[in-house]
Amino acid sequence: MDYAIQQVLNALSFGAEYALLALGLAIVFSIMGLVNFAHGEIIAAGGYSMFAITSLLTGNPFVVIVGALLVAVLASVLLERVAFRPVRYADASTGLLTAFGVSMILQNLFLLLVSPRPIAITNLYFLNWPIEVAGVQISTLQVFETVTTAIAICLLVVFLKKSSFGIAMRAASLDFEMVRLMGIRANRVVAVAFAVSGLLAGLACIFIMARRGSVDPTFGFNPVLKAFVACVLGGFGSLPGAVLGGFLLGAIEVGMLVLLPQSYGGMKEAFVFGIVALILVWRPDGILSPAVEKGDKL
Amino acid sequence: MSLSAYISRDQRSGLVGSLLLSCLLIAVGLLVVYFGQRYQLRIVYAAYVNLLVVLGLQVFMGNANITNLSHSAFMGIGAYVAAICVTPVKIKAISLPQAPWGLNAFALDPWVSAFIAIAITALLAWLVGLIITRLSGIGATIVSLALLVIVHSIFLHRTDIFKGKQAFFGIPQVFDINSILIISVCAIFVARAFRESHWGIQLRASADDEVGARSMGVNVYRVRLIAWVLGSVFLAVAGISYAYFLGTISARPFYFTHVFLTVAMLILGGMRTVTGAVLGTLLISFGLEGVRYLETGPELLGIKLPELLGLSGIMLGVVIVVTMAFRSSGITGNTEIEQLFNRWRR
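Chains as they are written, first to last, in this note's numbering: chain A, 936 to 1233; chain B, 602 to 947.
Bound-form chain B, shown alone:
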């Protein structure tokens, strides 16, 4: 086969795995498009946006084994930059009358805006990454947490650009469920390709044994930085998809609640594999809908349950603690989906 001259065995296996995961995603998507109601469509869309976030997390956090808590901030940056670029001038004249640097005097095509948003997010991620990739594991986690707080305080403080706690409205709703399906399938292929690329292998090696990897000639800082920036591109795309579907954004969804949620998804599934990222996202996204239903205090079998605010947060915490205590590598551990099938066949 001529293809095998260009790609390794693992990469070929990665293509098969990505294909399988894509089938799963498309199946869920088709089910909801043909049989689902409007609110279910929104739930699936939100789940797929979170899938992009979790995949972006997996690229850095999973391969480098450094816990990152700043991802929602990068998603926010992507969403806001795209929103500022794409919103029509007339609406911006109302919503951002005092925007500096003529930000309210232009409007761009959605694709150009998305491209600018990705570029700016990646640039910022690169600058931050120069610092973060050099820190030891725990230092990097704390600095990423500080980064989340910084970005959030900027969103809240610069009300003339980001509208702070109020909603930034009037973003053209150009995305629907089909667009997010295509994007998430692409994202799976990219994340898996990175995992099996020589950078991904070097990064995973450096996570297992930093000194060992270094002695084999791995430039640890460089591969970490590459993964960090690539991850931020995923996050920017997630933010853009979020903004282009809902039409309004505010600073709140890009803060702790979202960080908790997506980290729990990745941990439950298993952060070392792309399969784990997909599995964890789907399980928690749809599981939480059930918990949210209980949270509102419904009537079950004639018994009126009390309103239980905070139940979903407790469940997420329990998921993390239990996973860590009993199976710290998550459901999938180190096994990707196609390896699982291979094992069954034998």
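Chain A with its partners taken away, still in its complex shape:
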């Protein structure tokens, strides 16, 4: 029983991390059709900013956390302004390849300007200590992660349903032209979308950092790849789909960890992606894919 609860919590915390990142990708995609490959570098930027703040200003973990969140938001908005605005109205593959290029540039800049080797940042370890609840050993980090994600999703839902910006963003995901005709600035809607996406990436960055304790140039790649897979699984561009995909992926991953014998540990990814591929055979556009109109809508 202990073991089962432990694994469920594992699945929830993995899933929470993927859901945070997948939501960030889905928000940007739903509004401007951009597959943001540079999302991982925003996480890495957050990680490096932790290192910068710790070594230049203070090691106070709350300052570090707030600083990393700010840097992630700023980096995300800045990327939109500099790199993605010229391709905003281009087709999906142009945006995708631009983001791909941006990701390459940032990764190599980290490598060139900071270091190709991992840099240790240990002042977030305090988030992670074992506690006993009703006789079951659990880690606080997993609880924090799951709870934070739940709160973030609730706040996001309130933001999207109640605030005028949120409503504009939801409308923009249906018909951007119409939203602009209603007198809402396209630039603002897109900037807010990127800011929200950056904030979610920053949150994920804190938890990944508390678990791993070091940052390197390809730091963000693996989590974001998983988030992409979660998005595809849930249906690209659908926000509930992103959350569902994230948690489902977490569950599949933990399931594989439990079921696979130790000697196959290195092949975990292969099995996880294999199962995802099978789900995609069943629903090629993802589980909660919005009904797409493929014909011309001029």
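Any given hint could be a false lead.
Only pairs whose alpha carbons sit at most 30 Å apart, straight line, appear in this in silico BS3-like list of lysine-lysine [claimed, not checked]: (1) A:1203 to B:691; (2) B:766 to B:693; (3) A:1203 to B:766.
Here are some chain A residues pointing at chain B (derived, C-beta under 8 Å) [claimed, not checked]: (4) 1024; (5) 1028; (6) 1031; (7) 1036; (8) 1046; (9) 1049; (10) 1062; (11) 1204; (12) 1210; (13) 1212; (14) 1214.
Some residues of chain A that are not near chain B, with every Cβ distance over 10 Å (derived) [stated by the list, open to error]: (15) 991; (16) 1058; (17) 1082; (18) 1087; (19) 1088; (20) 1106; (21) 1111; (22) 1119; (23) 1147.
What the hints contain is simulated information worked out from the structure, not anything from laboratory work. The C-beta atom is built at its ideal place from N, Cα and C for all residues, glycine as well.
With chain A's structure known, arrange chain B on it following the hints.
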């Protein structure tokens, strides 16, 4: 002309274009054979191997307009299968003592090995293609990325077959610059012929307007699958050429760095044309040599430059972003080389 009864005007024009591109490739090849030094020969060989990869990418990615990021994995599969088949038993007894299924107990002729490698790569590509071709554009890209990670993790994990991070050595070095020249010329003709074939035309139509193409009776999944498998054959040949020239392979060259490099080549040149694939490969291959020189921190005009690790990656990224921002269809756009000449003549 009796030939025109069999091939269309575009196909004839394609033959002329392929011929022109082949002349370019052979000219570069002859230059380096007669005037180049040993290291330059290796650079040109590597450029031509990458040309095979980029052509293989163009066949699927260019014609179907679906970004594929798994190509280096298929190149790796081709290289490893050929290497396992062709390496002499004595060497395999040392390097793969624990290989399962008697993989270290036989050795085949290089040609047979190459054939087996191509067949296995194409078979795997067909199986994967059944899924990938049915996904929407972005889904297909993400799944192809996942595929790259899967294949790489298998290469790393099954050290008893692939030796993981260590080098797989002892492959007979049967290829030289002449072999790669012949292969790349053939590859250009095949890639161009596919582009102008009725499958290629159907695929390009489905890339421009999927619903429209479908309503005209194009079986979109089928033509995508054909292009996907044909592309994988190019990639397998590239992998085999790589292994047969160097004699040693490892899992590392078949991963992200190579994916970035080849995608940048195709995008810069223009993915819709075979000319673009050739142009992009040559430009980036030779341009990068200059950047690599700067990367090592040389002395220029008496000034000692610092070591700039990662500069080549930044340059590739800049090439992609700038191309996408200012000319998203690449240098050539939609124009093949012979069409360019025709325009000049008029």
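Ascending list of hint numbers which this structure does not respect: When the structure is compared with the hints, numbers 1, 4, 9, 10, 12, 14 turn out to be violated.
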